[in-house]
Amino acid sequence: MGKEKIAITLDGRSIVELDRLVEENIFQSRSQAIQVAVSEKLQRLKKTRLGAESTKLNATIERELAEEGIVEDVNEWPAY
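In this note's numbering, the protein residues as written are 8 to 87.
Accuracy of the hints is not assured; some may be wrong.
Claimed, not checked - Below are the DSBU-like pairs computed for lysine-lysine, each with C-alpha atoms no more than 30 Å apart in a straight line:
id, residue 1, residue 2
1, Lys10, Lys48
2, Lys63, Lys53
3, Lys12, Lys53
4, Lys48, Lys63
5, Lys54, Lys10
6, Lys54, Lys12
7, Lys12, Lys48
8, Lys10, Lys53
What the hints assert, rightly or not - Distance windows between CB atoms, simulated:
id, residue 1, residue 2, range
9, Arg51, Ala14, 19 to 29 Å
10, Glu11, Lys53, 12 to 22 Å
11, Lys54, Ala86, 38 to 48 Å
12, Ala66, Gly19, 44 to 54 Å
13, Glu24, Ile68, 42 to 52 Å
14, Gln42, Ala73, 35 to 45 Å
15, Gly9, Arg37, 16 to 26 Å
16, Ile15, Lys53, 15 to 25 Å
17, Met8, Ser61, 21 to 31 Å
FYI, nobody ran anything at the bench for these hints, they're computed from the structure.
Every residue gets a Cβ at the ideal spot worked out from N, C-alpha and C, and that includes glycine.
Model the full structure from these sequences, guided by the hints.
Written out as structure tokens, the structure reads:
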């Protein structure tokens, strides 16, 4: 996916911290640092959302669905 240029506004403290990370060669540029930070945050949000959605599931029903057909499958397996 291509990259797009955007403008953002940050507080002075964040800019000082970004510049320190660039000076210490942790990141090549402010842009790279911000890109990594945004990507990591988006990944964490996806995991959080998955957890939140999974709490809506009924564990008993999900277990029954997961085990559905297992007994029949086991009976059909050839003996070793």
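Results for each hint:
no., hint, result
1, Lys10 with Lys48, "holds, 18 Å"
2, Lys63 with Lys53, "holds, 16 Å"
3, Lys12 with Lys53, "holds, 24 Å"
4, Lys48 with Lys63, "holds, 23 Å"
5, Lys54 with Lys10, "holds, 24 Å"
6, Lys54 with Lys12, "holds, 27 Å"
7, Lys12 with Lys48, "holds, 19 Å"
8, Lys10 with Lys53, "holds, 21 Å"
9, Arg51 with Ala14: 19 to 29 Å, "holds, 25 Å"
10, Glu11 with Lys53: 12 to 22 Å, "holds, 21 Å"
11, Lys54 with Ala86: 38 to 48 Å, "holds, 43 Å"
12, Ala66 with Gly19: 44 to 54 Å, "holds, 49 Å"
13, Glu24 with Ile68: 42 to 52 Å, "holds, 48 Å"
14, Gln42 with Ala73: 35 to 45 Å, "holds, 39 Å"
15, Gly9 with Arg37: 16 to 26 Å, "holds, 20 Å"
16, Ile15 with Lys53: 15 to 25 Å, "holds, 22 Å"
17, Met8 with Ser61: 21 to 31 Å, "holds, 28 Å"
Of the numbered hints listed earlier, not one is contradicted by the structure.
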